[in-house]
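Keeping their order, the protein sequence lines are chains P and A. Residues in the first sequence are numbered consecutively from 11, following the numbering used here. Residues in the second sequence are numbered consecutively from 631, following the numbering used here.
Just to be clear, a hint being listed does not mean it is correct.
To be verified - Here's a subset of chain P near chain A, in silico, CB distances under 10 Å, partners left out:
#, residue
1, M11
2, G14
3, P16
4, G27
5, T38
6, L47
7, P48
8, Q51
9, Y55
10, Y78
As the list claims (entries may be wrong) - Computed far set for chain A versus chain P, every beta-carbon distance over 10 Å:
#, residue
11, G666
12, N742
13, R750
14, P823
15, V828
16, E841
17, R868
18, Y889
19, A893
20, D924
21, K930
22, F931
23, V935
24, I939
25, V953
26, K964
Said to hold, decoys possible - The calculated lysine-lysine pairs, modelled on BS3-like cross-linking and capped at a C-alpha distance of 27 Å, are:
#, chain 1, residue 1, chain 2, residue 2
27, A, K791, P, K41
28, A, K762, P, K18
29, A, K879, P, K18
30, P, K41, A, K762
Read the hints as simulated data drawn from the structure, not as lab findings. Remember, it's a predicted structure, so these values are computed and weren't measured experimentally. Ideal Cβ placement from N, Cα and C applies to all residues, glycine included.
The primary structure of each chain is shown beneath.
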Amino acid sequence: MCLGVPGKIVSIEELAGFRLAEVDISGTKRKVSLDMLPDAQVGDYVLVHAGYAVQVIDEEAAKETLNYLEQIEWSD
Amino acid sequence: MVRLIDEFRDPELLRPLLQRISSYDDRNYSLMEVCGTHTVSISRFGIRSAVPENIKLLSGPGCPVCVTSQQDVDKAIELAKNSNIILATFGDMMKVPGTKSSLAKEKAKGANVVVCYSTREALDIAEEHPEKEVVFYGVGFETTAPTVAFSILEAKKRKIKNYSVFSTHKLVPPALRALLDSGEVRIDGFILPGHVSVIIGLKAYEFLSEEYGVPGVVSGFEPLDILITIEMLLKQIRSKKAKIENQYKRTVTYDGNIYAQKALEEVFKIDDAEWRGIGLIPKSGLAINEEFEDFDASKKFDVKVPYSIEPPNCSCGEVLRGVKSPFECKLFGKGCTPEHPVGPCMVSSEGACAAYYRFERYTRVVD
């Protein structure tokens, strides 16, 4: 139910006062609402849940997680 | 840009982590995950059987479909029977057995039940069918509830008057408190839900460590995320220092998504709610504020169900509290399968029974 999928914003349009983003999710394009992310920009990677972008994904933090083992070895 | 999925499944990264985890062999550790998506990941990637036996991974009340009370399921079915109503909901609710029927059965008999991916689709249906009343059956935790709140705000702005929500939304932190207060199951640490936390932030769980001395780590959903989380929890438990940590830093912040929180506050009020398996938990549900009662299906329609009975012999309640493993239910894989589910934990793709059945039924060690 709380499934979220990562995607990249390719364009943003405004329709009757609502901001909608076209998001590329693994090659599939989908229109999602930016009601929860008013500051999101084209090019941002966002987490999409049930038709809404819920958060901008922090790329640096993602890399940090992938390097977890190295960090641990240094800190232990 | 990293692809955000594949790298987090790299066996070269996972193997050394598993080795480190197996060094925690000094005692039994009991960790609970409280998110259905974690349950599925743990089952699907074989994490439960990959970690040593002294590290027990319990599934908790993390599947919103599963914790919806039988009475609420019956009420939604009653709404669907009303020929003026188009009932819109997420796919997982369709096959959940009510006392006498299910949404899928009512649809087969001619009821107008529509499966939506998003509340925004339900709004469009309402606009296209002004002669009908579109009721969105809102199920879900803090991740999903804001999408429902925004749909109500949008309906108001777009002047869509034939749209309303039957809200059975629930909150995760009060359920964790209820589990710890009951003391029924030993929980040494919580694997905290990633996407609920995107909305409510790390701060919502501080009471776990401060009041109960129980550690928690907010976790991502890929195998690498979950193994890192397990190690972080084990480390905390061993050092006897409980705190709330964030493993899922790429999307979760301390404060959460404030725009979503504002919409929740505007549209909903916190109310007591009935959970399957747990019972009434004070201040654990979201009801629609008076200001938006025109969009509240429970005010617009007088739905009464004479009585609601949970399926006999179904252990969903115990499974949701972590008291029983799905394998310990008499019906598991016999009277109850995903094709012919008896209880909601076998219906929802995120239910513990469905996940264990799909991915783990052959890994089970027969005594």
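For each hint, the structure was consulted:
Proximity of M11 (chain P) to chain A holds as hinted, the smallest CB-CB distance being about 5 Å (cut-off 10 Å). At about 5 Å, the closest approach between the beta carbon of G14 (chain P) and any beta carbon in chain A falls short of 10 Å, and the interface hint on this residue holds. Taking 10 Å as the C-beta cut-off, the interface hint given for P16 (chain P) holds, the closest approach to chain A being about 4 Å. Annotation: G27 (chain P) was flagged as interfacial toward chain A, and the flag holds, the nearest CB pair being 7 Å apart, inside 10 Å.
Violation of the interface hint for T38 (chain P) is found here, the shortest Cβ-Cβ separation to chain A being roughly 12 Å, above the 10 Å cut-off. Interface restraint check for L47 (chain P): the shortest CB-CB distance to chain A comes to about 7 Å, inside 10 Å, so the restraint holds. The beta carbon of P48 (chain P) is positioned within 10 Å of a beta carbon in chain A (closest approach about 6 Å), and the interface hint is therefore held. Hint status for Q51 (chain P): violated, given a least beta-carbon distance of 15 Å to chain A, over 10 Å.
A distance limit of 10 Å between C-beta atoms decides the matter here; for Y55 (chain P) the minimum to chain A is near 7 Å, and the interface restraint holds. Hint on Y78 (chain P) holds. Least Cβ distance to chain A is approximately 5 Å, under the 10 Å limit. Remark: the non-interface label on G666 (chain A) conflicts with the geometry, its nearest Cβ contact in chain P lying 6 Å away (cut-off 10 Å). With a cut of 10 Å on Cβ distances, N742 (chain A) stays outside the contact zone with chain P, its closest approach being about 21 Å.
The claim that R750 (chain A) lies off the interface is violated: its Cβ sits roughly 5 Å from the closest Cβ of chain P, which falls inside the 10 Å cut-off. With a cut of 10 Å on Cβ distances, P823 (chain A) falls inside the contact zone with chain P, its closest approach being about 6 Å. The beta carbon of V828 (chain A) sits about 5 Å from the closest Cβ of chain P, which is not more than 10 Å, so the claim that it is off the interface is violated. With a least beta-carbon separation of about 25 Å from chain P, E841 (chain A) lies farther than 10 Å from that chain, consistent with its non-interface assignment.
Even its closest Cβ contact with chain P, about 13 Å, leaves R868 (chain A) beyond 10 Å, as expected for a residue assigned away from the interface. The non-interface label for Y889 (chain A) is inconsistent with chain P: the shortest C-beta to C-beta separation is roughly 5 Å, within 10 Å. For A893 (chain A), the requirement that its beta carbon stay farther than 10 Å from each beta carbon of chain P is not met, with the minimum near 7 Å. The claim that D924 (chain A) is not at the interface with chain P holds, since no C-beta of that chain comes within 10 Å of its own (minimum 20 Å).
In this structure K930 (chain A) is separated from chain P by more than 10 Å, as the shortest Cβ-Cβ distance comes to about 23 Å. Interface exclusion of F931 (chain A) from chain P stands, the closest Cβ pair being 24 Å apart, more than 10 Å. Every CB of chain P is more than 10 Å from the CB of V935 (chain A) (nearest about 23 Å), matching its label as outside the interface. Listed as a non-interface residue, I939 (chain A) keeps its Cβ farther than 10 Å from every Cβ of chain P; the least gap is roughly 25 Å.
No beta-carbon of chain P is positioned within 10 Å of the beta-carbon of V953 (chain A); the least distance is around 22 Å. The Cβ of K964 (chain A) sits about 27 Å from the closest Cβ of chain P, beyond the 10 Å cut-off, so the non-interface label holds. Note on K791 (chain A) and K41 (chain P): the hinted pairing holds, with a Cα-Cα distance of about 24 Å set against a maximum of 27 Å. Restraint check: the Cα-Cα separation between K762 (chain A) and K18 (chain P) comes to about 37 Å, which exceeds 27 Å; the hinted pair is violated.
Restraint check for K879 (chain A) and K18 (chain P): the C-alpha separation of about 18 Å stays at or below 27 Å, so the hint holds. Pair hint K41 (chain P) plus K762 (chain A) holds up; C-alpha atoms about 26 Å apart against a cutoff of 27 Å.
Hint violations for this structure: numbers 5, 8, 11, 13, 14, 15, 18, 19, 28, all remaining hints satisfied.
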